[in-house]
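Undergrad: Chain by chain, the residues run as shown.
There are 2 protein chains.
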Amino acid sequence: MMTSSPFPDGAQRQAARQAKRDAVLLAAVRMFNARGFHATSLDDVAASLGISKPTIYHYLGTKDQVLLECVTLGLNQLLDAVAEARGKPGTGLARLRAFLISYVQVNMDDFGRCVIRTGDEMLSPESGKRFRHLKREIDTALRSLIREAIADGSMAPVDERIAAFTFAGALNWPARWFDPDGPKTAEATAEQMVDLLLGGCTPR
Amino acid sequence: MMTSSPFPDGAQRQAARQAKRDAVLLAAVRMFNARGFHATSLDDVAASLGISKPTIYHYLGTKDQVLLECVTLGLNQLLDAVAEARGKPGTGLARLRAFLISYVQVNMDDFGRCVIRTGDEMLSPESGKRFRHLKREIDTALRSLIREAIADGSMAPVDERIAAFTFAGALNWPARWFDPDGPKTAEATAEQMVDLLLGGCTPR
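Same order as they appear, the protein sequences are chains P and Y. For what it's worth, numbering that gives the first Met the number 0 labels the leading residue of the first sequence as 0, then goes sequentially. For what it's worth, numbering that gives the first Met the number 0 labels the leading residue of the second sequence as 0, then goes sequentially.
Think of the hints as simulated: they come from the structure by calculation, not from any bench. Small disclaimer: the values here were computed from a predicted structure and weren't measured. Mixed in with the good hints there might be a few duds.
Repeated chains share a single entry, so a pair holds when one copy, or any two copies, can fit it.
Here are the simulated DSBU-like cross-link-like pairs (lysine-lysine), alpha carbons at most 30 Å apart as the crow flies [as the list claims (entries may be wrong)]:
#1 K52 - K87
#2 K19 - K134
#3 K183 - K134
#4 K128 - K183
#5 K52 - K183
Whenever a hint applies, use it, and build me the whole structure from the sequences.
TA: Right, dumping it as structure tokens:
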């Protein structure tokens, strides 16, 4: 039988480090979303966690790097949603619908909200380049899901580019207006929006 | 027969003043849209017109007042579109469609673009209040057009609030991506987007 040691091993140290990093990112993203990136200092983020700014530098680096990490987390949630939708059975339209419903919900959550609220010009040129690259990946995935739904006949043959922009615009917007304490849950709101977008609203 | 006088009368002076004011606003809004509000100084705007900054102060006031005037022009274009749509014959859905098509096109144009790109926090507290008030008027008008289309049966009984947010999000977005030099005209793009929103994209 192993006795517990007061000296953490490598895996424990790694997990503790990760937990601290996650806590800093969550505090930072919430402050960026609430006050705006420019109005938030790493001193404020550090103070909200009862730590010092050098501790944030130690775990994450500069404010630019913290923001890049926040938007990367949000965009990775969207990439996970692409992979999950691609794995679903059914028609191309069913997979597109599944992706769009996850897409809105990410945009309503901390890191997705930050993606929408972050302008390229807030990041350093290098981080901005990385940000644009990740956003392009999501756009490419959305377009290919639309293309596949049209190809298998489950979606009407609309203009793929216009449809991608129309869906993205409608489903980015909740990052600004959705209120988690409002009358409807994130999931119900997401489903209603996507069904309106795909089904339209003219009587059938 | 009247001879032309080298001394402009009151109406001529008034028209000349208005023309100068319009020229300053157009130069300012284009620079705000291209570079961002914070990165644009009234000195730059003045220089682009070959005039001095005090001349801009004379015609329009401070940078905050110039921005408020630009967004007010954009929002007034949207209010005009409401009035025009309300005057059209046909069903509630036809009026809603007419309004939405004008709405996108305003957002693709100089002053409408500026409305979308302007955050409340860029304006002084007083101007921000005026800006929010005007935006609420547009939202109220959009919701009542949706409500009327549902009431006369030309639109399916969707959730009015969700539909207003979904349409507005989709149709605000072109302020960021639409390129007047791109493959399609503003009008064709606007019609395609609105028909996709209203009609959906599932095969009928």
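Undergrad: Against this structure, judge whether each hint is valid.
TA: Status of each hint after checking the structure:
1. K52 - K87: Answer is neither; intra-copy 44 Å and inter-copy 61 Å both fail.
2. K19 - K134: within (27 Å within a copy, 42 Å between copies)
3. K183 - K134: For K183 and K134, the Cα distance is within 30 Å both inside one copy (28 Å) and across copies (23 Å).
4. K128 - K183: Answer is between; shortest inter-copy Cα gap is 28 Å, intra-copy 36 Å.
5. K52 - K183: For K52 and K183, neither the intra-copy (38 Å) nor the inter-copy (50 Å) Cα distance is at most 30 Å.
Checked against the numbered hints given earlier, this structure breaks hints 1, 5; the rest are met.
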